[in-house]
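Student: The sequence shown begins at 1 in UniProt numbering and counts up by one.
Honestly, the hints are just simulated from the structure, not real lab data.
These numbers were taken from a predicted model, which means no experiment stands behind them.
Ideal Cβ placement from N, Cα and C applies to all residues, glycine included.
Do not take every clue at face value.
Simulated pairs of lysine to aspartate or glutamate, EDC-like, Cα-Cα distance not exceeding 20 Å [said to hold, decoys possible]:
#, residue 1, residue 2
1, 150, 128
2, 130, 107
3, 150, 34
4, 163, 7
5, 47, 265
6, 158, 8
7, 22, 34
8, 158, 49
9, 150, 265
10, 5, 35
11, 5, 34
12, 47, 128
13, 158, 10
14, 47, 35
15, 108, 97
16, 47, 10
17, 47, 8
18, 158, 235
19, 150, 107
20, 120, 97
21, 47, 142
22, 312, 265
23, 130, 147
24, 150, 97
25, 104, 49
26, 26, 7
27, 47, 34
28, 19, 42
29, 291, 306
30, 150, 35
31, 158, 140
Derived DEER-like restraints, expressed as beta-carbon distance ranges [claimed, not checked]:
#, residue 1, residue 2, range
32, 7, 84, 55 to 61 Å
33, 242, 323, 30 to 36 Å
34, 252, 162, 20 to 26 Å
35, 265, 303, 49 to 55 Å
36, 308, 77, 40 to 46 Å
37, 269, 127, 36 to 42 Å
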Amino acid sequence: MEGFKFEEQEFFACCGSSKFAKEMSKASPFSSLDEAVTAARDIWFNKVDVTGWLQAFSAHPQIGHNPSPSSHSTSAQWSKGEQSTAFATATSSSLQELSQWNTKYREKFGFVFLICASGKSTDGILAELKRRYPNRPIVEFEIAAEEQMKITELRLGKLFSTKEKVPSTGNMNPTVAAKKVEEDRVSIIGGHLSASSEISAVKTQTPTQTRPPITTHVLDVSRGSPGAGIEVCLEMWKGHQPRPVFGESAIGGWVFQGSSTTNSDGRSGQLLSIVDAVNPGIYRISFNTGKYCPGGFFPYVSIVFEIRESQKLEHFHVPLLLSPFSFSTYRGS
């Protein structure tokens, strides 16, 4: 069988979650970097739990600090390289300010500020930290998870660059076989890595989607826990008008797309089929909050949003922060 085979510890260097490393090792070998990235995204977002996310976050040194000697050697080396631009552009005052803001961030959110630092200056990182600091914890937690995935993809590219794909040559002439190995190596590295500088990010083709294009989850802020067992319904606007108009009847305009019930983590099941591109249009996602909280203020909550043609390849996460007398939401990635 052709493919790239890696050990669990090698995947642990890419992402400091033991669950992630174990699942990636089980899924190995991979025929290409694209296949590994697709598997990594599925494992990270769908199989690694909150504890695993926090474990991965804690494996990173604070931005502006060198990794500790006890850190995984490969991971520590990569972290140092990823922060090379930040260190090169830092001054004593900017490092001091960055350290102060890192401390404030950790005190508020409970984990280290996480950003894919490759190619970013100290001032750029500091500006992003200040921009994200006002976020609600649940918002920031998901942003950090997305940043971890960017770092993981970058490191998977580095990992793949260290090994050559060994094909099953069969009766292939040894010279031809060796040439094919070299062509594969050059193709993979050339397509996914910019070897000239740490500043250039790894470029990958858009991987096949591994989760539905529209997802949601509910946090019950009055209880400080996920909102489990809430019925969720997704609809799409198909009325005679291009879009629903406030104050006008929408009877017959909304078409059912799917429904589910939130699990113990407050996350909905599959509301749409897993597709590479979602149909552009206006969607409405509704939560049966009256059944979940009979004494609450809202019999149900509906959120209407639009997916444009230019966004059809994106993933839309629409979480709900719920209490008996208020709710809020935000657009996830």
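Student: Hint by hint, say whether it matches the structure.
Tutor: Right, here's what the structure says about each hint:
Between the alpha carbons of residue 150 and residue 128 the distance comes to roughly 16 Å, so the proposed pair stays at or under 20 Å and holds. Of the pairs offered as hints, the one joining residue 130 and residue 107 holds, with about 14 Å between alpha carbons and a cut-off of 20 Å not exceeded. Taking the CA atoms of residue 150 and residue 34, the gap is about 14 Å. The hint holds against a cut of 20 Å. The suggested pairing of residue 163 with residue 7 holds, with an alpha-carbon distance near 12 Å, which does not exceed 20 Å.
Between residue 47 and residue 265, the direct Cα distance comes to roughly 12 Å. Compliance with the 20 Å bound is thereby established for this hinted pair. Restraint check: the Cα-Cα separation between residue 158 and residue 8 comes to about 16 Å, which is no more than 20 Å; the hinted pair holds. Straight-line distance between C-alpha atoms of residue 22 and residue 34 comes to about 19 Å, which keeps the hinted pair within the 20 Å bound. For a cut-off of 20 Å, the pair hint linking residue 158 to residue 49 is broken: about 25 Å separates their Cα positions.
Between the alpha carbons of residue 150 and residue 265 the distance comes to roughly 24 Å, so the proposed pair goes past 20 Å and is violated. Using a Cα cut-off of 20 Å, the hinted pair residue 5 and residue 35 holds, with the two alpha carbons roughly 12 Å apart. The hinted pair formed by residue 5 and residue 34 meets the criterion: a straight-line CA distance of about 14 Å does not exceed 20 Å. With a C-alpha separation of about 29 Å, the suggested pair residue 47 and residue 128 falls outside the 20 Å cut-off, and the hint is violated.
Of the supplied pair hints, the one linking residue 158 and residue 10 holds, its CA atoms being roughly 11 Å apart against a limit of 20 Å. Of the pairs offered as hints, the one joining residue 47 and residue 35 holds, with about 17 Å between alpha carbons and a cut-off of 20 Å not exceeded. For the proposed pair residue 108 and residue 97, the alpha carbon gap of about 17 Å is at most 20 Å, so the pair holds. Between residue 47 and residue 10 the CA atoms are separated by roughly 19 Å; this keeps the pair inside 20 Å, and the hint holds.
This hinted pair checks out: residue 47 and residue 8 have alpha carbons roughly 16 Å apart, not beyond 20 Å. For a cut-off of 20 Å, the pair hint linking residue 158 to residue 235 is broken: about 42 Å separates their Cα positions. Taking the CA atoms of residue 150 and residue 107, the gap is near 24 Å; set against the 20 Å cutoff, the hint is violated. Among the hinted pairs, residue 120 with residue 97 is consistent with the structure: their alpha-carbon atoms are about 16 Å apart, no more than 20 Å.
Simply put, residue 47 and residue 142 have alpha-carbon atoms about 15 Å apart, close enough for the 20 Å limit, and the pair holds. Straight-line distance between C-alpha atoms of residue 312 and residue 265 comes to about 27 Å, which puts the hinted pair past the 20 Å bound. Note on residue 130 and residue 147: the hinted pairing holds, with a Cα-Cα distance of about 16 Å set against a maximum of 20 Å. With a CA separation close to 25 Å, the supplied pair residue 150 and residue 97 exceeds the 20 Å bound.
The hinted pair formed by residue 104 and residue 49 fails the criterion: a straight-line CA distance of about 26 Å is larger than 20 Å. Pair hint residue 26 plus residue 7 holds up; C-alpha atoms about 9 Å apart against a cutoff of 20 Å. Annotation: proposed proximity of residue 47 to residue 34 holds, straight-line Cα distance about 19 Å (limit 20 Å). Distance hint between residue 19 and residue 42 is fulfilled; the C-alpha atoms sit about 13 Å from each other, no more than 20 Å.
The hinted pair formed by residue 291 and residue 306 fails the criterion: a straight-line CA distance of about 27 Å is larger than 20 Å. Pair hint residue 150 plus residue 35 holds up; C-alpha atoms about 16 Å apart against a cutoff of 20 Å. A hinted pair counts as satisfied when its Cα atoms are at most 20 Å apart, and residue 158 with residue 140 does not qualify at roughly 27 Å. Between residue 7 and residue 84 the C-beta distance comes to about 27 Å, which lies outside the given range of 55 to 61 Å.
A beta carbon spacing of about 35 Å between residue 242 and residue 323 agrees with the range 30 to 36 Å that was offered as a hint. The supplied range of 20 to 26 Å is broken by residue 252 and residue 162, whose beta-carbon atoms lie about 59 Å from each other. Between residue 265 and residue 303 the beta carbon distance is about 20 Å. The supplied range of 49 to 55 Å is therefore violated. Taking 40 to 46 Å as the suggested C-beta distance range, the pair residue 308 and residue 77 conforms, at roughly 42 Å.
Separation of residue 269 from residue 127 is about 38 Å and conforms to the stated range, judged on CB atoms against 36 to 42 Å.
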